[in-house]
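**Student:** Dock chain S against chain C, hints included.
Protein chains: 2
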Amino acid sequence: VTAGPTREWLDDVRYLTNASTGRMGIEIAREARRRGARVTLVHGPCSHPLPADVETVAVDSTADLLRATRAAVRGADFVVFAAAPADFRPAHRTAGKLKKRSRAARRPLRLVETPDVAALLGRTKGRRVHVGFALEVEDSFYNALRKMRDKRFDAILLNGPQNVGHGGGRAWLLTPDGRAEPMATDDKRRLAKAILDRTWPTGR
Amino acid sequence: VTAGPTREWLDDVRYLTNASTGRMGIEIAREARRRGARVTLVHGPCSHPLPADVETVAVDSTADLLRATRAAVRGADFVVFAAAPADFRPAHRTAGKLKKRSRAARRPLRLVETPDVAALLGRTKGRRVHVGFALEVEDSFYNALRKMRDKRFDAILLNGPQNVGHGGGRAWLLTPDGRAEPMATDDKRRLAKAILDRTWPTGR
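Read top to bottom, the protein sequences are chains C and S.
Reminder that position 12 of the first sequence reads as 12 in our numbering, one-by-one numbering, no gaps.
Reminder that position 147 of the second sequence reads as 147 in our numbering, one-by-one numbering, no gaps.
The shape of chain C in the complex, shown without the other chains:
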């Protein structure tokens, strides 16, 4: 299970990130543990407390997340990509601290895409079940279905932007057959249970 945001550094003190608390992935890890799985939680800096009884691997950037998740999925049957990795990073990281009124600070910042962890690991998924998340603002079903196909997910939870950092918004679980089931998001523990009820690999 991956969880939390990642950080992409502009200099030694500033970074790009998002408001993910890690809660969703943490509840999924906890629920998977409850079902008897051996769980590895690869997590960015979470503001929600980590579960005590699963293996945890802390990461910072999206590149770190890729490396750690690639190692963690070896031999796994089931992977839930619940992290909210930063999709962009500053092309250059300034050593030290970018100073106000400096030439370096006036230079436009080029953003480059970070590696797509779920898509890259999807290429070699074999018989592993992969479940992902999508946060879509517009054209949401269309984008989430495309994301599920591109990343070879077996199911994807589609969230509105109001769900980052707190529940309460609308969400659907989409499956490759095109079905979309509305899911209650106000209780992330129950949502974790509902997702695993529908995606837990059986008969292996």
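Just so you know, the hints here were simulated from the structure itself, not pulled from any lab data.
Hints should not be assumed to be uniformly reliable.
Treat identical chains as interchangeable: a pair holds within one or across any two.
What the hints assert, rightly or not - Pairs of lysine to any residue residues, derived as SDA-like cross-links and limited to a Cα-Cα distance of at most 20 angstroms, are as follows: (1) K99 to A63; (2) K100 to T114; (3) K193 to R149; (4) K147 to A58; (5) K99 to R110; (6) K99 to V112; (7) K97 to R146; (8) K147 to H92; (9) K100 to L145; (10) K97 to R110; (11) K188 to N143; (12) K99 to R149; (13) K125 to H92.
Bear in mind that the values here come from a model prediction, so they are computed numbers and not experimental data.
**Tutor:** Relative to the frame of chain C, chain S by itself:
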């Protein structure tokens, strides 16, 4: 007292920030309360629990921090600028979510400076005592002294970059007479007490 980081949004889910937990300002607010002061804590998103017995005002961006702090300092004797506001913000905030492989994402991001809260409020400080913080990577004493003068601080705590989010690094309290006193940073509660011991306004 101001505390915590601020967030400067690139789009509706991503922002620039820093790793400040808010702990330093929170401990200063707590210690000031212990000394009998009426305290207002203006804070960005803190990962450290807020004190229960002081007035708190939550803010998000540096512009919010300026507005709320400007209101909070009216009638105050003593202001500690312990927040770590983002000094730069994306010149434009994209509505929705910046999409990968989009033209908008390839466009260079222009960063602009956010308002300097301590410097702006320093201009009209009158008899208020202002204490600030500096996080300096290089030329640190020189930069911190200039910052103290530019922002009209009565004292400034100079930190190395290793102190963001956790103590343990080196720090000095500088005063306008040019003195620099080394301060222990491993216990932020004790550091808060030591700072207030040396800067608390008396005889007013």
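**Student:** None of the hints should be skipped; say for each whether it holds.
**Tutor:** So, going through the hints one by one against the coordinates:
1. In this assembly of identical chains, the alpha carbons of K99 and A63 lie at most 20 angstroms apart only when taken from different copies (19 angstroms versus 26 angstroms within one copy).
2. In this assembly of identical chains, K100 and T114 lie within 20 angstroms of each other by CA distance solely across copies; the values are 10 angstroms between and 27 angstroms within a copy.
3. With identical chains, the CA atoms of K193 and R149 are never at most 20 angstroms apart, being 24 angstroms at best within one copy and 57 angstroms at best between copies.
4. In this assembly of identical chains, the alpha carbons of K147 and A58 never lie at most 20 angstroms apart, being 26 angstroms within a copy and 36 angstroms across copies at closest.
5. Within a single copy, K99 and R110 get their C-alpha atoms as close as 18 angstroms, and across copies as close as 15 angstroms, so both meet the 20 angstroms cut-off.
6. With identical chains, the CA atoms of K99 and V112 are at most 20 angstroms apart between copies only, with a shortest distance of 12 angstroms across copies and 22 angstroms within one.
7. Within a single copy, K97 and R146 get their C-alpha atoms only as close as 40 angstroms, which misses the 20 angstroms cut-off; across copies the closest is 16 angstroms, which meets it.
8. Within a single copy, K147 and H92 get their C-alpha atoms no closer than 28 angstroms, and across copies no closer than 27 angstroms, so neither meets the 20 angstroms cut-off.
9. When the C-alpha separation of K100 and L145 is checked against a cutoff of 20 angstroms, the pair qualifies only between copies, where the shortest distance is 16 angstroms, while the shortest distance within a copy is 44 angstroms.
10. In this homomeric assembly, K97 and R110 come within 20 angstroms of each other (Cα to Cα) both inside a single copy, at 17 angstroms, and across copies, at 17 angstroms.
11. In this homomeric assembly, K188 and N143 never come within 20 angstroms of each other (Cα to Cα): the closest approach is 23 angstroms inside a single copy and 47 angstroms across copies.
12. Proximity of K99 to R149 under the C-alpha cut-off of 20 angstroms is restricted to the inter-copy arrangement: shortest distance 17 angstroms between copies versus 44 angstroms within a copy.
13. In this assembly of identical chains, K125 and H92 lie within 20 angstroms of each other by CA distance neither inside one copy nor across copies; the values are 32 angstroms within and 39 angstroms between.
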